[in-house]
Each structure stands twice: as structure tokens, then as C-alpha cells.
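Enquirer: Based on the hints, put chain Y in the right spot on chain F.
Heads up: the sequence lines are chains F and Y, in that order.
Going by this note's numbering, the first residue of the first sequence is number 1, and it counts up by one from there.
Going by this note's numbering, the first residue of the second sequence is number 1001, and it counts up by one from there.
No wet-lab data here; the hints were simulated from the structure.
Among the clues, some could well be false.
[To be verified] Only pairs whose alpha carbons sit at most 25 Å apart, straight line, appear in this in silico SDA-like list of lysine to any residue:
no.	chain 1	residue 1	chain 2	residue 2
1	Y	K1318	F	A112
2	F	K140	Y	I1041
3	F	K140	Y	L1004
4	F	K140	Y	R1300
5	F	K77	Y	K1124
6	F	K140	Y	K1124
7	F	K64	Y	I1003
8	Y	K1005	F	A112
9	Y	K1010	Y	I1392
10	Y	K1124	Y	I1041
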Amino acid sequence: MNSIIKLEIQKKTFKKKGFSILNDFELEVEPGERLSIIGESGVGKTSLLNIIGLLDTQYQGSYKLFGSSVKDLSQNKLAEWRNQKIGFVLQESALINSLTIEDNIKLPLMYANVEKDPTVQDHFKQITNKIGIESILKKKPLECSGGQRSRAVFARAVMMNPQVILSDEPTASLDSKNKEKMIDLLFEMNKEFNTTVITVTHDLDLANRHERIITLESSEG
Amino acid sequence: MRILKFFITKIILKRWILVLGMVLLLLLANYLTFTAARSMISTFQGYQEIETLNQEGTFIANLDPNSEADFDRIEINDTQKVYEYLNSNYTYALQVDGFVTSLDNKHDMEVSFNYINEEAYKTKQFGLSQGNHLNFNYQFNKEEIPVLVGAGLATTYPVGSNIEITDPVTQQLVNLKVQGVLEKNTHRSNFYAPNSKNYFNFSVFLPINEEFIQSAGLDLHVNGLMDIVLLDSTKEQALNLKELIQENTGLEFNFFNQQENLNYFEDYYINSLKIICIITLILLLILVCLATWNTLVSIRLMIKDFTIHLLVGLNHSKLRAIFYSYFGLLFSINLAILFVITAFNRYGFWLSKNSILATYGVFGLISMDWFALLIVLLIDLIIGFAIVELAIRKIKSIPISVGVLD
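Chain F extracted, bound-state conformation (with noise of 0.2 Å):
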């Protein structure tokens, strides 16, 4: 099967903190894998996250995503693709403290043009009404409780029914009743529209009920 994730990275260096990670990684992921990264902090799950979800392109080595080498797209292409193709679920204070959590929810929608198409319209519906978040659509985020600010960014991440998932710490808020319900609909994505599912945890319990785990150890650099 192709690969929807293939990468070679030398390495990520920080220069004005002097130092590198993730040298000389490779990480192959294909199109419905369920993958875990694991490891202490500070040796770059989160900055693999960002590499993978479009958001870093300063490092060396090469990255295909979808078939596509990144570093050939276009800034613009890399947006569209943010928007279209990746969910992002960060942590619950991710949100635009502004806006209601339906506008925040609603935000990929608005950059892919679709908000009115009523096909959409009954995916909102359905997501937010499955991760219990109908009765705070009018809320602002400040006014919801950490938990309930988890689940609105869960409910972004997923809006656009992306082909990769990327998930950072997505339940460390939750209570064990929300995280289930979290992770069960997470997974419930992946089998139904095989999307890709890559997360980065401290929790060994999350990581095991992903089909494969990464460890990443530090490095010298």
C-alpha cells in the first residue's frame, strides 16, 4: 500500500538554542493507521507534529504527504491543505476567546466556502451532538469549562472529515467519562472514513490503543 506519510528527516535544528532533534528519523504511515508517539519531553514529538501537520517546514531532509513533496507546494497550498486534508486537536486553549464555540467550531468551514451547504450543516449537528457540546454552541470559551473547550477543539480538528488526524495531548483535560467518548469517536472516524490518526501522549494507556507506537529518544545534536 502507499504511504500517505513518508519522512526522511537529517535533522530539525534550533539555531538560537544551539541544539538539533529528531536526527536522521524516518517515519513511514499509511492511509488508516492508527499511530502513537511517545516519549520524554523535549525530544520533538510536538515539533513532529508540526512537521507532519504542514506547520514547520524548516528542517532538513524530505516529506511526502499525499504523494506531494512539501517543500515544493505553495504557502497557499499548505493552507488549503491545513484546511481540507488535516485536523489539528490541540490543547483546549486553542480556541478564539472572541467568538462564540459554534464560530470557532465553524472556522474551517468558512475558509473551505462550505458553512451553508446543508450536508455540512448536518455534520455539525451530528459531531457536536455525539461529544455533547449542543448546549454551549453560544457560549464563549471562556465561559466553558476546560473540558467542554477540549471537546469544541476536538469537534474543529474533525469538522472537515480530514484524511489525517493529529492530536497532541487530546485528552489531558478530560475527565475519564469525555475522554472516552473522545477517543471512541476518534477511532469511529478512522474505521468509518479511514483517516489517519497520529497522537502524541504522555498517557501509555491512550498510546496502547493505537495499532503501533513510536518512541523518540533524544538525541545528541
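Expert: Using the frame of chain F, we list chain Y on its own:
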């Protein structure tokens, strides 16, 4: 448009104090530029008018500001002697403005009677919208006096119509025949303050000849001397006249020649303009720095909002377009405010029936106003470009992954 509306209503206006601050800073910068630009344009226009008199053998009278003038002791016999001497020995241009009188007109404005001799008329080269130029060979008290009227009087007094009125300087009943209509906004700049102008939209121009001058009263005689211009003359002749005027009227005049006028203009006006330019530039620079600082503070406060948008699909080209549109909107608001203030000021002269300053223009603004607005627009383009590019650079310098968790 949809995204721009979203950004303005849901992101930017949420920090309305910063927006208001930005509007005020840019308005101040625009107003400053507008005022300075208009002052320079007006001075330049005035200088061009005066330059026609900056010729060899031309001497312009100027009452010595250090002398003590006692106008009460001047009598008509004294000034008549001066004018007799002038008529016999000199070629001179004489124009006296501002004898305000009541003359019915459509706009109910006060009308100013202006008197001009042939030499002054030749140098002015007034443009006419209708009719013919003045002729000066009429017989005072025996014939109709051919006159020109300002554009504001053209409807009430069209070419060919007659005006019967008591002339304000001779106090005699005269019959004026409208021979032509001046172009709109015909004006005269002050010889020694080129940015100060009198508009002739509600003026009547009477041609004056020696006969008329001899019949005129003291007011015309004295006022005429204030700006009299000797043509084809010499410094010695000018000094002779200066002595004669002083002897007869007690008034001390200076007669400046071309070089002296140029020096005066350069010493006084060019230096004033330089100071205005430097102060304007410094203030503009301070205001632009403050506006840039305001933008950077706004970005610092909104970096999370911007980077979340970049995370979910916004690209830098669109963000740049949003910023340019936003600043375009702010500058448009400011230009509209400037336009309204200027139009209101111009309209104010009509409301206050100030015939000397009432002007015609497109939406109330005259050409120098539009030109100054164009300069403001150009400055705005430069300011907008600098601020937007700096803002985009600032946003690009913050990684999206860092910004979203700010």
C-alpha cells in the same frame, strides 16, 4: 469579502479601543498632511501669480511695517497730488479690492466692488466664462461703465444687463453694463502672503482710468497705494515716488524690486514652508510610529486569533489582503471625514455670506482641496504599505504552533 467581514466584526472590532486609537492616529496624520499640503499648494499658486510681476523694472509698494501711519491726517488733496504725479511720470498697475456694498443677487451675498486699471488688468489675464474683456476708454459720468461680474452674480446680472448703483468710492450714481463674467473661483493672492486669497465670485470689476481716479474718494486713493505696482521703472524713480508719498501723506512705503521680492519670498515664505514641511514630517513620523506601535500591540493581543485562522485554512496572502482591505477602510473613513470637514468649512463661507471666501467646487471642494486630498491618499498608501508589511512580518515570525497556544 465574507472573510473580511468576519475578521472586522468578530475579531478586530472586539478590540474597539485599539481600532479607535488607530482611527484617531491616522486621522491626525491625514489632517496634518492635508493642512500642510494645502498650504503649500496655495503658496505655490500665489507665488506663480506674483512671479508675473517679478520682472526687471517692476517695483511693488509695501507700507513699511515699522513706520507710524496716521491715516486720519491724510486729505484728498494730498492723495490727488500723488496720483497726478503718478499719472504724469509712471506706468503703474493699480487694483483695489473689497469695497463691500449691497447689491441684490440670487445668493443674497454681499458684493465687493473691485477697481482695476488697464495695466493691472493686463497682468492679471483674468479668464472669462462669458462675454468680453473690459475696455478702459469710457468717459466717466457720461457713459455706461463696462464691468465684469463674478460667477456668483452671473444669473442675476447676465452679460448685457445694467446695474444702477451708487458707486462706493465716488459716491456718485453710476450705470454699469455687464460686459463679461469671470470664470468660477477667479482669485487674487496677497503679494506678501501668497497663501492668502480673495475670491471674486461675488465681485464686480470696474475699469478705472485717470478720470475715474481723480473722481474717486480718499479710500480708493489710499488703498490703491498699498499694493501699487510700478512698471518699467527704476529704483531711483521708485525712491522719488516714495519721497513724494511720504511728503504728502506721511506714509512710508518701501518699493521692492524683483530681486528684493524674491529674497523676501525666500527668506520668509520658503523658510516658513521648510519649517512647515519639517514639523509636518516629524509629526507624521511620530504618528506613523504610534500607529505602527498600535498595530504591533494589536497583533500581540490577537496573535492567537490570527494563528488559529492560519491553522485552520487561512493563508498569508489572504491575511495580507484582509489587512490591506482593513487599512483601506480606515483610510477611506478618514478621507471621508476630511472631505466632510473641508466641504463644511467651504459651505460655511456661503452660510456666513462671506463673499470673499465663497467658492465653487465639485461637492464644495476647490481644486487645491482635491489636490491636497490626493497627496493625503498617496501618503496613506505609503503608510498603509509600511504598516501592513510590518504586521505580516510580525505574524510570520511567530510559528503557528506557538501562536495558537498563546
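Enquirer: Would you mind marking each hint as holding or not holding in the structure?
Expert: Tested hints:
Between the alpha carbons of K1318 (chain Y) and A112 (chain F) the distance comes to roughly 13 Å, so the proposed pair stays at or under 25 Å and holds. For the proposed pair K140 (chain F) and I1041 (chain Y), the alpha carbon gap of about 53 Å is over 25 Å, so the pair is violated. Annotation: proposed proximity of K140 (chain F) to L1004 (chain Y) holds, straight-line Cα distance about 21 Å (limit 25 Å). Taking the CA atoms of K140 (chain F) and R1300 (chain Y), the gap is about 21 Å. The hint holds against a cut of 25 Å.
About 66 Å separates the Cα atoms of K77 (chain F) and K1124 (chain Y), which puts this hinted pair outside 25 Å; it is violated. Using a Cα cut-off of 25 Å, the hinted pair K140 (chain F) and K1124 (chain Y) is violated, with the two alpha carbons roughly 71 Å apart. Our distance criterion of 25 Å between C-alpha atoms is broken by K64 (chain F) and I1003 (chain Y), whose separation comes to about 31 Å. Straight-line distance between C-alpha atoms of K1005 (chain Y) and A112 (chain F) comes to about 16 Å, which keeps the hinted pair within the 25 Å bound.
Distance restraint check for K1010 (chain Y) and I1392 (chain Y): the Cα-Cα separation of roughly 20 Å lies within the 25 Å cut-off, and the hinted pair is therefore satisfied. Distance check on the hinted pair: K1124 (chain Y) and I1041 (chain Y) sit about 19 Å apart at the alpha-carbon level, within 25 Å; holds.
Violated hints for the displayed structure, listed by number in ascending order: 2, 5, 6 and 7.
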